[in-house]
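Trainee: This is what each chain is made of:
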Amino acid sequence: MMGGIIAAIPGATAQGLVWGVMALGVYITYKLLDIADLTVDSSLCTGGATSAVLILMGMHPLLSLAFAVLAGMLAGLVTGFLHTRLHISAILAGILTQLGLYSVNLRIMGKSSVALLRQPVVISLGNISMALVIGAAVIVAVVAVLYWFFGTELGCAIRATGNNRKMVRAQGVNTDAMKIIGLVLSNGLVGLAGGLLAQYQGSANVNMGRGAIVIGLASVIIGEVIFGVRFNFAYQLGAIVAGSVIYQIVIAFVLQLGLSTEDLKLFSAVTVAVALSVPTLQKKFLKPKAAAAQAGRE
Amino acid sequence: MLELKNIDKVFNPGTINEKQAIRNLSFTLNEGDFVTVIGGNGAGKSTMLNLIAGVHSADAGRILLDRQDITRLPEYRRAKLLGRVFQDPMMGTAGNMGIEENLAMAYRRGKTRTLRWGISNEERELYREKLKMLELGLENRLTSKVRLLSGGQRQALTLLMATLQSPRLLLLDEHTAALDPKTAQKVLTLTEKIVCENGLSTLMVTHNMKDAIRYGNRLVMMHEGNIIYDVSGETKKHLKVGDLLAKFESASDGAFANDRMLLA
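First to last, the protein sequences are chains A and B.
Anchor point for the first sequence: position 7 equals 7 in our numbering, and the numbering is continuous, going up by one each time.
The number in our numbering is simply the position in the second sequence, starting from 1, with 1000 added.
Same shape as in the complex, but just chain A (with noise of 0.2 angstroms):
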């Protein structure tokens, strides 16, 4: 058995590459702007189904990933105009965007799944050490732009946004636009990671978005918990990358196990719920001392 998990891990890996690339659009909401945005349940698969259509209407499978970032972004634009101007609650705004767009994909798909049977594409899993490459590589170029574009005029003023609405008005600076720029921002990257999920898994269907906002969730948090919120912008950025493939082992391993695969999305949301208590959890039961020590150290 230990052979068999041994062997998995390239594989989980790759694969923990191409969600960490999701896993980063979750950050944009969740941690800067403080918003829990569900619109990328559904905006993975736009993205994911835009770039497989495309692929089998003969466009080069690079270009395809184009226009699924583009498709990704309008999930997000809708998500972020539903929001702000029509004052809906981010959590509902990002549910109707979901839900509409769940319509939405199988109208680009015509199907509830489309497979890229020996079509070209720039990621798969049938060759692993290539995909690890170009999984590194599309990394390497997202946070290398992430750490660029938080560390500008507008980058400063959407994580301000998230942390103190009321200063940021106040500096004269329209909250409301920051919003919608993170939201289509974050919905970009999912869609981007849907695309490139697809040609990975050489198919796109309906529900491969279903829990992506949990699994971005557990990476984000597996990052935090493991790697520390310290140094720079970018090593938060690389935690939370190592928090995907981490969480993929995880998952590879839990299945090598004997975990049936239909209680797998059972695993994550406990996963999750338990990482997410963990704050409250050690507020309650740590000793008063031990807390002291904590708050000191942070």
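Be aware that one or more of the hints could be misleading.
With a Cα cut of at most 35 angstroms, we get these calculated DSBU-like pairs of lysine-lysine [said to hold, decoys possible]: (1) K31(A) / K1080(B); (2) K1145(B) / K283(A); (3) K1080(B) / K1193(B); (4) K1193(B) / K1236(B); (5) K1240(B) / K1019(B); (6) K1130(B) / K166(A); (7) K166(A) / K1005(B); (8) K166(A) / K1186(B); (9) K31(A) / K1193(B); (10) K166(A) / K1132(B); (11) K1111(B) / K1080(B); (12) K284(A) / K1210(B); (13) K1019(B) / K166(A); (14) K31(A) / K1145(B); (15) K1247(B) / K1210(B); (16) K1111(B) / K31(A); (17) K1130(B) / K31(A); (18) K1236(B) / K1005(B); (19) K31(A) / K166(A); (20) K284(A) / K1145(B); (21) K166(A) / K1193(B); (22) K283(A) / K1182(B); (23) K166(A) / K1182(B); (24) K1130(B) / K1186(B).
Computed footprint of chain A on chain B, listed as stretches where at least three residues anywhere in the stretch have a Cβ under 8 angstroms from a Cβ of chain A [what the hints assert, rightly or not]: (25) 1071-1077; (26) 1090-1098; (27) 1107-1115.
Listing some non-contacts, in silico: residues in chain B with all C-beta distances to chain A over 12 angstroms [unchecked claim]: (28) Q1020; (29) N1024; (30) R1062; (31) L1190; (32) K1193; (33) K1237.
For the record, the hints were derived by calculation from the structure and aren't laboratory data.
Virtual Cβ for every residue (Gly too), placed ideally from N, Cα, C.
With chain A held as given, fit chain B onto it using these hints.
Mentor: Only chain B this time, still in chain A's reference frame:
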């Protein structure tokens, strides 16, 4: 330079919690005025400031700043003209961001945010200079996260941020109320220094009558959403806390007695 004309503001209209916060309020602020605003709880002091800042929109009336009608301008667009410090020290700064990042946000107040790098090296020098003036040692902690600062430090930083780009009008909403007396005194001294050096037109809400008399060149007293007393110049200089208390008493028909302890 600032004119409020017949402003009305009702909160929760048509509900059991309906409250007329501002009642036909008219007020003119002259260039360079440093006005202290006092009044009991619920007199409408903060609401007046929030109406000027655009946090709330007026139900009726007009607000003019430099003859420009800003009554319908959204909060973030008025920010170009206004420097603001809030009662809650947490409100004026972004805690998860560094001191220099907060200052950089304020340095660009009212300007379009571009894709240029968020802070330049020349700016850092400027920030260091300005922070030195606070005498809190913050000039050596440019990258420290603001959440690590004390309430007084945060309030001093907010004050610096509000005036980094000289505002047309400075709005101080009980900005020392949440600080201990010694720190409050320090922040007030700093406030006066910054206001005088830059000749800023200022509205300062305070609960403290002594401060209201000591600082500024003009004092207004609010009651039930309107200004009931407005003094400046020599008359203001010779005011006593007792005079203000008497004014309160007569305005509120004795109901004020309850508030008395709070204000003295």
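Trainee: Hints first: check each against the structure and report whether it holds.
Mentor: Against the structure, the hints:
no.	hint	verdict
1	K31(A) / K1080(B)	holds, 28 angstroms
2	K1145(B) / K283(A)	holds, 23 angstroms
3	K1080(B) / K1193(B)	holds, 22 angstroms
4	K1193(B) / K1236(B)	holds, 20 angstroms
5	K1240(B) / K1019(B)	holds, 32 angstroms
6	K1130(B) / K166(A)	holds, 24 angstroms
7	K166(A) / K1005(B)	holds, 26 angstroms
8	K166(A) / K1186(B)	holds, 25 angstroms
9	K31(A) / K1193(B)	violated, 39 angstroms
10	K166(A) / K1132(B)	holds, 27 angstroms
11	K1111(B) / K1080(B)	holds, 7 angstroms
12	K284(A) / K1210(B)	violated, 45 angstroms
13	K1019(B) / K166(A)	holds, 24 angstroms
14	K31(A) / K1145(B)	holds, 16 angstroms
15	K1247(B) / K1210(B)	holds, 15 angstroms
16	K1111(B) / K31(A)	holds, 26 angstroms
17	K1130(B) / K31(A)	holds, 31 angstroms
18	K1236(B) / K1005(B)	holds, 24 angstroms
19	K31(A) / K166(A)	holds, 18 angstroms
20	K284(A) / K1145(B)	holds, 27 angstroms
21	K166(A) / K1193(B)	holds, 26 angstroms
22	K283(A) / K1182(B)	holds, 33 angstroms
23	K166(A) / K1182(B)	holds, 27 angstroms
24	K1130(B) / K1186(B)	holds, 16 angstroms
25	1071-1077	holds (count 4)
26	1090-1098	holds (count 8)
27	1107-1115	holds (count 7)
28	Q1020	holds, 25 angstroms
29	N1024	holds, 28 angstroms
30	R1062	holds, 22 angstroms
31	L1190	holds, 19 angstroms
32	K1193	holds, 22 angstroms
33	K1237	holds, 32 angstroms
Going through the hint list in order, the structure does not satisfy hints 9, 12.
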